[in-house]
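Enquirer: Each chain, letter by letter, is given below.
Number of protein chains: 2
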Amino acid sequence: MGRRPAAPNILLLLMDDMGWGDLGVYGEPSRETPNLDRMAAEGMLFPNFYSANPLCSPSRAALLTGRLPIRNGFYTTNAHARNAYTPQEIVGGIPDSEQLLPELLKKAGYVSKIVGKWHLGHRPQFHPLKHGFDEWFGSPNCHFGPYDNKARPNIPVYRDWEMVGRYYEEFPINLKTGEANLTQIYLQEALDFIKRQARHHPFFLYWAVDATHAPVYASKPFLGTSQRGRYGDAVREIDDSVGKMLELLHDLHVADNTFVFFTSDNGAALISAPEQAGSNGPFLCGKQTTFEGGMREPALAWWPGHIAAGQVSHQLGSIMDLFTTSLALAGLTPPRDRAIDGLNLLPALLQGWLMDRPVFYYRGDTLMATTLGQHKAHFWTWTNSWENFRQGIDFCPGQNVSGVTTHSLEDHTKLPLIFHLGRDPGERFPLSFASAEYQEALSRITSVVQQHQEALVPGQPQLNVCNWAVMVKMAERGGSHL
Amino acid sequence: MGRRPAAPNILLLLMDDMGWGDLGVYGEPSRETPNLDRMAAEGMLFPNFYSANPLCSPSRAALLTGRLPIRNGFYTTNAHARNAYTPQEIVGGIPDSEQLLPELLKKAGYVSKIVGKWHLGHRPQFHPLKHGFDEWFGSPNCHFGPYDNKARPNIPVYRDWEMVGRYYEEFPINLKTGEANLTQIYLQEALDFIKRQARHHPFFLYWAVDATHAPVYASKPFLGTSQRGRYGDAVREIDDSVGKMLELLHDLHVADNTFVFFTSDNGAALISAPEQAGSNGPFLCGKQTTFEGGMREPALAWWPGHIAAGQVSHQLGSIMDLFTTSLALAGLTPPRDRAIDGLNLLPALLQGWLMDRPVFYYRGDTLMATTLGQHKAHFWTWTNSWENFRQGIDFCPGQNVSGVTTHSLEDHTKLPLIFHLGRDPGERFPLSFASAEYQEALSRITSVVQQHQEALVPGQPQLNVCNWAVMVKMAERGGSHL
Chain A
1 MGRRPAAPNI LLLLMDDMGW GDLGVYGEPS RETPNLDRMA AEGMLFPNFY
51 SANPLCSPSR AALLTGRLPI RNGFYTTNAH ARNAYTPQEI VGGIPDSEQL
101 LPELLKKAGY VSKIVGKWHL GHRPQFHPLK HGFDEWFGSP NCHFGPYDNK
151 ARPNIPVYRD WEMVGRYYEE FPINLKTGEA NLTQIYLQEA LDFIKRQARH
201 HPFFLYWAVD ATHAPVYASK PFLGTSQRGR YGDAVREIDD SVGKMLELLH
251 DLHVADNTFV FFTSDNGAAL ISAPEQAGSN GPFLCGKQTT FEGGMREPAL
301 AWWPGHIAAG QVSHQLGSIM DLFTTSLALA GLTPPRDRAI DGLNLLPALL
351 QGWLMDRPVF YYRGDTLMAT TLGQHKAHFW TWTNSWENFR QGIDFCPGQN
401 VSGVTTHSLE DHTKLPLIFH LGRDPGERFP LSFASAEYQE ALSRITSVVQ
451 QHQEALVPGQ PQLNVCNWAV MVKMAERGGS HL
Chain B
1 MGRRPAAPNI LLLLMDDMGW GDLGVYGEPS RETPNLDRMA AEGMLFPNFY
51 SANPLCSPSR AALLTGRLPI RNGFYTTNAH ARNAYTPQEI VGGIPDSEQL
101 LPELLKKAGY VSKIVGKWHL GHRPQFHPLK HGFDEWFGSP NCHFGPYDNK
151 ARPNIPVYRD WEMVGRYYEE FPINLKTGEA NLTQIYLQEA LDFIKRQARH
201 HPFFLYWAVD ATHAPVYASK PFLGTSQRGR YGDAVREIDD SVGKMLELLH
251 DLHVADNTFV FFTSDNGAAL ISAPEQAGSN GPFLCGKQTT FEGGMREPAL
301 AWWPGHIAAG QVSHQLGSIM DLFTTSLALA GLTPPRDRAI DGLNLLPALL
351 QGWLMDRPVF YYRGDTLMAT TLGQHKAHFW TWTNSWENFR QGIDFCPGQN
401 VSGVTTHSLE DHTKLPLIFH LGRDPGERFP LSFASAEYQE ALSRITSVVQ
451 QHQEALVPGQ PQLNVCNWAV MVKMAERGGS HL
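Residue numbers (the UniProt record's numbering), protein chains in the order written: chain A, 1 to 482; chain B, 1 to 482.
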């Protein structure tokens, strides 16, 4: 492979609620992602790649800081093992003390843009342009709504500092038909930025589209084209968009100087199945849970001339590795004054190395599970409460593993449930407590977990307090510099 | 693509209890099938390909006759919707009135060999060399056992008419370690036959290995090499063997004159999970059931210079199509004096056609379900009896779809459960009975089912009677011509 250029462009394609099983190359039966499948064939596929949380906001904060949500503050202590994110009325957000990837990349001359969903806080001090991005087109939150009341306005859409409209108003989404032009707008924003930047600076483009998050949407030419319904229409439009971006990189002759990575923020939201949810393939449960379906993600790396075509890496990877790897690409080292959870994946990407490292599965402040090598130990199990479950909220529809998919928070810290993810990727058959394999795996994992927990300094929890008064802060100050 | 030669060789690679999700190209996370994945990349992959029954014997009888088991006699009327196969003591087998693929291929000058499992009856009149095969190396049944008593001898292994030994005796299988050389022997038999025949006649080789059927086995060099345990070791050895066969076809310069098809007889036997079962990917349940996991199969077609590389066909395919397609390849037409269920897939393989056709899912004499287009209607649901289930026999471990995975035979003939397999491949969300989509799908499927049932002439059921006296018939006459 060619020599590594000093500072390649970095394009992170972050999907929203897309599942491991949603791409043809990951076995989706309808096989409707020719561009992403080609990207995999021309690059490296990671079957063992993980988000940092089973929910959007914490996972995205982890990507941009290289740190677990428990460190960067994207968690709540309001209840044990409680998932939390950043609704409009959240008081917290990304602390100034956190150093975000685009802030650090500036030191190597990068110009950074975020297109799409930010999700790191709504108040003015959390604006992405205060945290290293040079440009933003998108929204601080998902396209929830429509809200037709003044107390809870529709979610705003920004161009840089300026609020240029709101979902369901200037940016319409037809909930009945699923029609919206947002992915096309996000695509255009990406193409324009790439064209502008490609010849001048190295760029960092963070393309965080949300069409696969319920309510799922697609633009008219894609609506009704998928065998998978509206969710598939959204995937097809994204696949088409990725194809256009990679084509542009080739046309601009910067493909071999652009590192592209595709992944998702958490597993498919099975609660929205079957119409508006993706697939977690053979894995158990989905978004909101710390089973594999909640946190194992599709992941593709592409860098022609550097990453050899047609490879599969069994490296245990994490969304937080994109932080450290991007810094390494830019010739930078991660901050030394804090714990960084992301690994530099370049040895895996360029030399095929396999590095030993744990994957930690948190819900809020609670370490639910840990994977090391092929073994995963569950210290706590929980899907959702009986109360929610009885109301029809099901994160594991059609799946019920006795003693595993529990509807109360079950404590296994004394005797964790351990699965071998190679033989049993679906987490259906816990190892016998009496087996030598169990004892050996437990001992290895326990030692790693102890080390992790002894050194852990939790960040100030940002997701504890909601207050309707702060809800419209970023929105109402749109149009003026903050 | 090149012109079709008059009579290409035909190599059918039929797996035993291998699931849809077992190949890397179908999304198996450990990705341990580089040769089969390459075969897919060089040929055509069918994500919507079905066996003819969720059990071995009927499925194999269907492949070789192009006819549903209900027609060719491979079913029982002993009980409603009862699965049946050919144990050693079975009285029935493939009737002389059935015309098997190798019998018909003789007319076009083919020399045929079966390597591995026959499964079409144990008595002398059912011997494969009485039904068109010119050569046989293998066994009339699976490698069950070991039986160490005279009443029930170990399963015999034949070379042509001669019984050359028995499993666990001359052909050892170490149940503790899983070690057996059988796949290597079957590979050598295939390679030898291909070498002998390639220059003279067109050949039909039916390679029906059984290493992935419990008790799962592999030879020493493969044992312990898979991330998936012993089942994965067996898959790796088969993958390696297929690679060697395709390589030999290239070396002999007959690759572009040999049609190769890879599939499996039924879904993964989840009852043997996790150590000795494969994966049905995102599909519901497994072997023995008429959910997708029981009958949707991996399927790859390969014919360099004729089938274009890198294609995916969404044709609804059936194992019975291999009968009709093979005849078409040989320039023959199927028998006109009987109903043939297999389609000629050449238009799909060579011109990318999609042909409308139903898939029928039977258990014994009962039509459980029918797929047409993307819709599947269940007329009956059943996994296994409460009695078996309470004894720990579970065909859907970790899966429980309320009202769908039932433990009693539930009659939905009046109001079938209908699923859209594109949006809901896992059969977890039945369509609402009130929806227009339900009504439209029901009407289309009902009409096809009525047509099917009105014309159906069931064959004489072969699997009704067991008798220990017949058990050793083929075996005891081994060594002499029958």
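These aren't lab readings, by the way, just hints derived from the structure by calculation.
Check the hints yourself; a few may be wrong.
Just so you know, same-sequence chains aren't split out, so a pair can sit in one copy or run between any two.
Below 25 Å or equal to it, Euclidean Cα-Cα: the simulated DMTMM-like pairs (lysine to aspartate or glutamate) are [unchecked claim]: (1) LYS244 / GLU387; (2) LYS220 / GLU169; (3) LYS220 / GLU387; (4) LYS220 / GLU437.
Enquirer: Hint by hint, note whether the structure agrees.
Expert: Hint-by-hint comparison with the structure:
Taking identical chains as interchangeable, the C-alpha atoms of LYS244 and GLU387 are never at most 25 Å apart, the minima being 46 Å within one chain and 57 Å between chains. Only within a single protomer do LYS220 and GLU169 lie at most 25 Å apart by alpha-carbon distance; the minimum there is 18 Å, versus 67 Å between protomers. Taking CA atoms no more than 25 Å apart as the test, LYS220 paired with GLU387 passes in neither setting, with 39 Å inside one copy and 53 Å between copies. When the C-alpha separation of LYS220 and GLU437 is checked against a cutoff of 25 Å, the pair qualifies only between copies, where the shortest distance is 22 Å, while the shortest distance within a copy is 54 Å.
In terms of the numbered hints stated before, the structure departs from hints 1, 3, listed from lowest to highest.
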